[in-house]
Amino acid sequence: MAFGNNVVLHSGHEERHERGVGFVLSRRAANALVGWNPVNDRIITARFKTRHTCITVIRVYAPTEDSSDKAKNDFYGLYQDTVDNAPRRYMKVVLGDFNAKLGGDR
Numbered sequence: 039m040a041f042g043n044n045v046v047l048h049s050g051h052e053e054r055h056e057r058g059v060g061f062v063l064s065r066r067a068a069n070a071l072v073g074w075n076p077v078n079d080r081i082i083t084a085r086f087k088t089r090h091t092c093i094t095v096i097r098v099y100a101p102t103e104d105s106s107d108k109a110k111n112d113f114y115g116l117y118q119d120t121v122d123n124a125p126r127r128y129m130k131v132v133l134g135d136f137n138a139k140l141g142g143d144r
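Using the working numbering, you'd call the opening residue of the sequence shown number 39 and step up by one each time.
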């Protein structure tokens, strides 16, 4: 999908406007794109090939701590599978919101 001079890659619910992850790529980045995979509404991957290297970018939005254990386990299992299945020769970059809490409760 084009948005001005940018290309938008999206994975998620179109009609509900909740959750979902994506990338907004410049035309230059879009030209380096060799593939992308909308894994689910919390994980998307994009593969880029440049003159010097190949890169897999994994974008995630993790469940919050209040989510069920099943939802969290399902997410982290799929996240691990996604990382493990990325091409080995590609550098991996992970971006996202892991909904982490740092420090103790006060």
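Everything labelled a hint here was simulated from the structure, so no lab data went into it. Check before you lean on any hint, since a few could be wrong.
[Stated by the list, open to error] The calculated label-pair distances, taken between Cβ atoms and stated as ranges, are:
1) Asp107 x Arg127: 16 to 26 Å
2) Asn69 x Met129: 16 to 26 Å
3) Lys108 x Arg66: 38 to 48 Å
4) Arg89 x Asn44: 34 to 44 Å
5) Asn43 x Thr102: 33 to 43 Å
6) Asn69 x Ser106: 35 to 45 Å
7) Asn43 x Asn75: 16 to 26 Å
8) Val121 x Thr88: 34 to 44 Å
9) Gln118 x Gly73: 30 to 40 Å
10) Asp112 x Thr88: 31 to 41 Å
[Unchecked claim] Mimicking DSSO-like on lysine-lysine, the simulated pairs with C-alpha atoms at most 27 Å apart in a straight line are:
11) Lys87 x Lys108
12) Lys108 x Lys139
13) Lys87 x Lys130
14) Lys110 x Lys87
Where is the CB? At the ideal position from N, CA and C, for every residue including glycine.
Hint check:
1. Asp107 x Arg127: 16 to 26 Å: violated (35 Å)
2. Asn69 x Met129: 16 to 26 Å: Distance hint for Asn69, Met129 holds at roughly 18 Å.
3. Lys108 x Arg66: 38 to 48 Å: Cβ of Lys108 to Cβ of Arg66: about 41 Å, so the range 38 to 48 Å holds.
4. Arg89 x Asn44: 34 to 44 Å: Violated - the Cβ-Cβ distance for Arg89 and Asn44, about 22 Å, lies outside 34 to 44 Å.
5. Asn43 x Thr102: 33 to 43 Å: Distance hint for Asn43, Thr102 holds at roughly 34 Å.
6. Asn69 x Ser106: 35 to 45 Å: holds (41 Å)
7. Asn43 x Asn75: 16 to 26 Å: holds (24 Å)
8. Val121 x Thr88: 34 to 44 Å: The hint (34 to 44 Å, Cβ to Cβ) is violated, given that Val121 and Thr88 are roughly 21 Å apart.
9. Gln118 x Gly73: 30 to 40 Å: Given a distance of about 20 Å, which is not inside 30 to 40 Å, the answer is violated.
10. Asp112 x Thr88: 31 to 41 Å: holds (33 Å)
11. Lys87 x Lys108: violated (36 Å)
12. Lys108 x Lys139: With Cα atoms ~19 Å apart, Lys108 and Lys139 stay inside 27 Å; holds.
13. Lys87 x Lys130: holds (12 Å)
14. Lys110 x Lys87: Given pair Lys110, Lys87 is violated - Cα atoms ~32 Å apart, limit 27 Å.
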